[in-house]
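Protein chains: 4
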Amino acid sequence: MQLEIFTTGGTIDKIYFDAKSTFEVGEPQILEVLREANLSIDYRVTPLLRKDSLEMTDEDRGLVRQAVEQSTASQIVITHGTDTMIATAKALADLPGKAIVLTGAMQPARFRFTDAVFNIACAMMAAQTLPAGVYIAMNGRIFNPGSVRKNVEMNRFEDV
Amino acid sequence: MQLEIFTTGGTIDKIYFDAKSTFEVGEPQILEVLREANLSIDYRVTPLLRKDSLEMTDEDRGLVRQAVEQSTASQIVITHGTDTMIATAKALADLPGKAIVLTGAMQPARFRFTDAVFNIACAMMAAQTLPAGVYIAMNGRIFNPGSVRKNVEMNRFEDV
Amino acid sequence: MQLEIFTTGGTIDKIYFDAKSTFEVGEPQILEVLREANLSIDYRVTPLLRKDSLEMTDEDRGLVRQAVEQSTASQIVITHGTDTMIATAKALADLPGKAIVLTGAMQPARFRFTDAVFNIACAMMAAQTLPAGVYIAMNGRIFNPGSVRKNVEMNRFEDV
Amino acid sequence: MQLEIFTTGGTIDKIYFDAKSTFEVGEPQILEVLREANLSIDYRVTPLLRKDSLEMTDEDRGLVRQAVEQSTASQIVITHGTDTMIATAKALADLPGKAIVLTGAMQPARFRFTDAVFNIACAMMAAQTLPAGVYIAMNGRIFNPGSVRKNVEMNRFEDV
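Residue numbers (this note's numbering), protein chains in the order written: chain A, 1 to 160; chain B, 1 to 160; chain C, 1 to 160; chain D, 1 to 160.
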């Protein structure tokens with residue numbers, strides 16, 4: 001397998017439960033996004049967690065790191081909530097031989113207008129073209145986890 | 001004016017605020033739905049409230065009743081949260097000379113898959129074809145407010 | 001069965017075949033529209049034809065009339081191309097005991113922005129609320145087949 | 001400017017004209033796609049042609065080559081019909097100092113289900129991460145124009 005995708009939850013996977021009048025992190029939405037994209041690359045989707053990223057613990061990050069480490073793929077994409085995506089990216093530093101790209105969305109993939117499809121595509125392409133290392137793909141570009149922040153007011157990632 | 005639409009909030013108008021990681025009742029979504037439908041009827045949209053229907057008070061229902069009463073239109077559509085739509089419908093009983101149809105959605109209008117467009121269309125057509133009275137248009141049919149309930153498990157309205 | 005839907009083709013069902021670089025009338029799209037609407041009425045969809053309505057012949061109209069006549073439902077919806085929808089409506093005159101509503105779309109149901117969902121909902125509600133007769137449901141209202149025309153420039157139906 | 005996007009038409013930009021019952025290549029759809037993606041890169045969209053790619057002439061390809069050559073950007077994305085995308089890519093060979101990525105879609109960007117968003121994102125990311133050269137971004141991966149073909153039956157690009 002060439003490219004492995006791990007899902008951890010986040011806004012990208014939020015769906016609406018009318019019975020409870022709440023939105024919750026649901027099934028990974030990336031499967032539907034990729035079906036529509038009609039890909040000709042060899043990939044696999046492995047769900048790891050289903051959490052709002054504000055609730056991610058060090059233990060969760062350990063689990064993600066272990067999954068990436070054990071994957072036979074050298075190209076890794078991780079879908080993740082945007083609030084702590086940078087922290088998880090840093091926790092994946094120093095894993096040799098893999099291009100690891102984290103991405104997510106500001107608007108859920110289930111919405112009619114969403115940045116999810118664009119961001120997933122960017123991450124999958126970056127994982128195929130960049131050298132080994134850890135990257136964040138948001139807002140159409142690649143960021144270095146060591147020098148990026150989420151600008152909450154502007155609703156986007158930017159260089160520090 | 002032939003048909004007046006009052007909006008009160010509810011799931012149909014829920015949007016996502018990434019900065020707060022919450023979904024909230026936002027601007028009336030019906031304007032965009034109607035633009036796309038390319039209507040040739042004479043209508044007006046008047047926002048009244050922006051509430052989850054579980055938070056609607058008797059005072060709110062009094063305000064809705066007053067707005068309907070004072071409208072010069074004889075065909076009235078009201079978008080409303082589904083949880084207390086029936087209670088508001090009952091509070092509008094005995095207003096003479098108007099066909100009043102309440103509708104809403106189980107999935108927000110902003111979603112890629114939503115019942116909002118279908119329900120709004122049903123309500124607007126019912127307001128044009130039914131005699132004066134108060135009705136609920138959900139799940140493709142017309143219900144009498146006195147003999148309907150929301151089946152939360154099945155996620156739909158049904159006859160009592 | 002309460003409501004029967006016959007499909008005949010038209011813009012509403014147009015899909016894109018990349019291999020031939022052409023758009024053609026495809027499978028009835030109404031099934032997907034209705035699945036999403038989560039209906040609680042008793043209906044059936046019966047495909048009759050798959051034609052651009054400019055190609056509908058008198059024989060085709062005879063076939064539609066026969067199907068409507070033989071249906072056990074008293075509420076009938078027919079999806080149809082808009083160019084000759086009025087001619088087919090006239091060919092269905094004088095069928096007793098049935099509310100027959102024709103509808104279609106100016107933009108295919110497969111498009112992200114389409115009038116198909118709104119129009120189908122209007123037709124299904126009209127079939128349930130109007131007395132026996134033949135009607136056209138387009139642009140959010142009901143037209144009498146004897147006094148309507150398609151305004152090609154304005155892209156909508158209007159009274160003659 | 002960092003990244004320049006030239007549009008030439010193709011399926012990605014096909015829209016429906018009900019008045020003529022035809023689909024034609026319309027305004028560049030990429031503007032709407034990029035608005036939704038909320039990008040934080042510095043880009044510009046320049047429409048060059050509005051053609052089905054089967055109608056592209058050598059003169060058209062000369063015009064595209066000239067535009068790329070004169071662009072001040074070193075990252076170039078070109079949206080193009082899929083049928084002759086490979087020929088245009090070859091006509092852009094040997095332009096020094098620019099990463100040039102061609103992309104398109106098998107289903108128009110206006111469709112509810114389309115590969116356009118995914119493909120555009122892949123092309124824009126590839127233009128940012130790949131060294132100078134000419135590439136095709138389709139079906140989630142990068143192809144070399146010298147060793148790729150469109151498999152019409154399978155509806156995708158593949159290595160020769």
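Hints are not guaranteed to be accurate.
Chain copies aren't distinguished; within one or between two, either way the pair holds.
To be verified - The list that follows gives simulated cross-link-like pairs (lysine-lysine, PhoX-like), each with its CA atoms no further than 20 Å apart: (1) Lys150 to Lys98; (2) Lys20 to Lys51; (3) Lys51 to Lys98; (4) Lys20 to Lys98; (5) Lys20 to Lys90; (6) Lys90 to Lys150; (7) Lys51 to Lys90; (8) Lys20 to Lys150; (9) Lys150 to Lys51.
Rather than coming from a laboratory, the hints here were simulated on the basis of the structure.
Hints, one by one, checked against the model:
no., hint, result
1, Lys150 to Lys98, "neither (25 Å within a copy, 31 Å between copies)"
2, Lys20 to Lys51, "both (18 Å within a copy, 16 Å between copies)"
3, Lys51 to Lys98, "neither (24 Å within a copy, 41 Å between copies)"
4, Lys20 to Lys98, "neither (41 Å within a copy, 33 Å between copies)"
5, Lys20 to Lys90, "neither (35 Å within a copy, 24 Å between copies)"
6, Lys90 to Lys150, "within (14 Å within a copy, 40 Å between copies)"
7, Lys51 to Lys90, "within (18 Å within a copy, 41 Å between copies)"
8, Lys20 to Lys150, "between (30 Å within a copy, 13 Å between copies)"
9, Lys150 to Lys51, "within (19 Å within a copy, 30 Å between copies)"
The structure shown violates the earlier hints numbered 1, 3, 4, 5.
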